[in-house]
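Enquirer: Letter by letter, the chains look like this.
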Amino acid sequence: MSVGLAPVRQRWIWPALGASVVVIAAIYDVRLGIIMGVWLGAWAVNGWLAGAARGTGVRVMVPLIFGTTLLALWEITVGLYDVSPIILPAPSLIVAQFAVSTDVLWADFQQTILKGALAGYVIGCGAAVLVALAVDRSMFLQRGVLPVGNFIAALPIVGTAPILVMWFGFGWQSKAAVVVAMVFFPMLVNTVQGLKASGAMQRDLMHTYAASYWQSLFKLRLPNALPFIFNGLKICTTLALIGAIVAEFFGSPTVGMGFRIKIEVGRLAMDMVWASIFVAALAGTGFYGLVALIERWLTFWHPSQRRR
Amino acid sequence: MRSVIPVLTVVAVIVAIWFAGSIGMNRAWTVDQAERRGLELSAADIIADTLRQERPVLPTPAQVMAELWATTAGEPVFRERRGQMQGNPRSLFFHAWQTLAPTMLGFVMGTLAGILLAVGIVHNRAMDLGVMPWAIASQTIPILAVAPIVIVVLNAVGLEGLVPKSLISAYLSFFPVVVGMVKGLRSPNAMDLDLLRTYSASNAQTLWKLRLPASVPYLFTSLKVGIAAALVGTIVAELPTGARFGLGARLLTGSYYGQTIQIWSALFMAAICAACLVALLSAAERATTRRMGLGR
Amino acid sequence: MKKTITTALALGLASGGMAHADAHADSVTLQLQWVTQAQFAGYYVALENGYYDEEGLNVTIQPGGPDIAPPQVLAGGGADVMLNWMPSALAARERGLPVVNIAQPFVRSGLMLTCWADSGIVEPADLAGHTVAHWFFGNEYPFLSWMSQLGIGVDGGDDGVTLLQAGFNVDPLLQRQADCISTMTYNEYWQIIDAGVTPEELVTFKYEDYGVATLEDGIWALEENLSDPEFVDRMVRFVRASMRGWAWAAENPDDAAMIVLDYDETGAQTEEHQLRMMGEIALLVAGGDGSLDEAAYARTVSTLLAGGSDPVISAEPQGAFTHVITDAALAN
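Chains as they are written, first to last, in the numbering used here: chain X, 1 to 308; chain D, 1001 to 1296; chain H, 2001 to 2332.
Same shape as in the complex, but just chain X (with noise of 0.2 Å):
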């Protein structure tokens, strides 16, 4: 029931406000009366095309405008102050470096995603599912784990990277290793949580149909755990992600997106390091879109599901 902030009839005071924001600025200098008169500009092309229109088209443009903005807002500041490219590149020199890199970074995203991230995140989340079920079964289990699980997850992981990769090596596996310690524990809780959430009256109706353990596990309680599952592993995608950059900072081969960045920032190429950088959020996004699509197809039945 968003409305807006104003009712109709004071519908002008936005445009004025804006307007004077951008006088001003330009008043104390042109280049930030510039910036603020495209920021403003898009926010009000972005709220009229939120507020007039529904639907998906609506719905893809208006985060596409944001971003737009955004990279624009950077071009024309970078542009306009002078800033040194080896401090903040403008986009476009950004974009420049990624057309010739594809073949380096795709190297990378080869090495660091899909080894060392995805490895970890299939064999951190299988193993959390698992132990949250032997912990389902014992109420003692439950009780002493979930504590020190909780003490565990709040151990700094970027402090474990150096150590795992001395004991894993320089590979994909010290790698792997590190995304299994992050994504373990939050997968745990959550399934653990999700394992408690189907109704009581639920769990006496499989009662009343003699239903054995291993029969109202898969029949009733997993499926009812699904929306909970689902919400760790799109948070584990991120943390997946980023665990396996941070360990490749300790150490690494000479490929992979965290030894990308850390030398090119050495070299001082730092358009080479945001497209990096763009990669691994491209990357990250993917990811988590993926997992949540794959969340709508298998928990069409959750009222999170419905489109507002």
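Keep in mind the hints are simulated off the structure, nothing from the lab. Errors might be hidden in some of the hints.
[Said to hold, decoys possible] Some residues of chain D that are not near chain X, with every Cβ distance over 12 Å (derived): (1) GLY1083; (2) LEU1112; (3) TRP1264; (4) CYS1273.
[As the list claims (entries may be wrong)] Cross-link-like lysine-lysine pairs, in silico, DSS-like; alpha carbons within 30 Å at most: (5) LYS234/X with LYS115/X; (6) LYS1209/D with LYS115/X; (7) LYS196/X with LYS234/X; (8) LYS219/X with LYS196/X; (9) LYS1183/D with LYS115/X; (10) LYS1183/D with LYS1209/D.
Only a predicted model underlies this, so the values are computations on that prediction, with no experimental measurement involved. Yeah, the Cβ is synthetic: ideal placement off N, Cα and C, and Gly gets one too.
Since the structure of chain X is already known, use the hints to place chains D and H on it.
Expert: Same frame as chain X, now just chains D and H:
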């Protein structure tokens, strides 16, 4: 209270596995050294040596605890230098404070930013559609890569020391707060919202009287995640600022000089700090919900 | 939210860059290229013994670390001068950051390649087919240059070297993940010895012995600042006091090491390590007075240019150093 025995059992099992792990992983070095010196070692000698190495591959729990004790209780927090009292860099409490200060500042900033963003998202459709995807994307940018860049840029602007670290800490902690608060602000059911509409409440009044109180449980859950994230953010931010002090710095310098015991003790201190912060938040949550009548 | 930050940053960058340059007239900020250790003893001695005070300077020493690229800090206005290895600084110069060498306290290179003797490596040409762990972040240039000159690729395989990006410790060698690692005479080599390995079990190649050494810790500043006479005067005083510090440190290595330990804010350095480091560093600065030896400079440049298909720099640097500061500093 009934959790005490299970927790102790699990901890005991972990400690036992840990000791066994130490012996197993440090064994290679001991045997290697003995071979090169042409010595014969019995199994008991090997075990004894693996538990006492100076640069072990896996320090034993005893070694880590001893180091923790030595650097906390065994070192004064302040020392006299050049006529002034300064923090003592050999004290882990000093480093813990250097990490906790930006963490708490960053956490407060991140929470405020998160709440403001969430309010904006719930009330303004443009922000709702525009900001959320980018907030999610922002979390996929590897902070460890961006932190040095951010610090250099902020130093160029004249902001040094506490503020850059807090900003990075805030960056990591605002996202859980946004997600939780958006969910919380949208949680009041249709009947309650209609009731306030019949009272002719404005959006601001609905926000203040209904949505915000309803979102308190979600807020506290997110705050607990957020504070752990803020701590990680500060530790990450310490690396590009010269790794001079703070738990992250201690972690790193331990790693450069191969002082594995130092790494582990810094890690444990960080975990203890995180656990304490979360416990503080839980206490605050209990007090708040009791006052609000949501008490369970 | 992000747009607000971007705009604020833009505002700040414009004014902040200038603000730093005309800060307090007698203050100097030095950006070290690593954490506080005896490698930088001269500067800490000058601070402790009051040499900077005597020149009327208020000096702030900023330690470096693995994620700090001193050229970047200099570009961002976070420091007035930086310490940097010449290959890294010349590469930065080519990238568009005009840094100029104003003094060169380190006369000799301390870079070495240390291998297990039992890996069968007797001379550098034997490196083909082995695994080497090396540091990056500005330190990779001498190694890549050397391999290029020897005709050994760095992409693995039987006739190339498999290169690993190592963290800044000696574990890759100790854990046998690599046959060789890069070491400094004053730091990593002794960490290996400390870990229980005897010198007989190692074979070491010093870059100096093979003619591929490059100049290391030098004092660099931004070219545009050098056209400001007030800045030049500050630099002259700074270099003069720093070289006094180095001279004192070379003569009193043990006391210098203790001074460095005192300034170590992490509390992680040990006396033994720093005393030994200071002894080795004294060997690297011995005989130098801070002025850049042009013959050594030419050797470094030709080593970097001879990097075969992937040279560190592609053209002879112009105006990369100046004697103006050291001439004035050493005049009295």
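Enquirer: Against which earlier hints does the structure fall short, listed by number upward?
Expert: 3, 4, 6, 9
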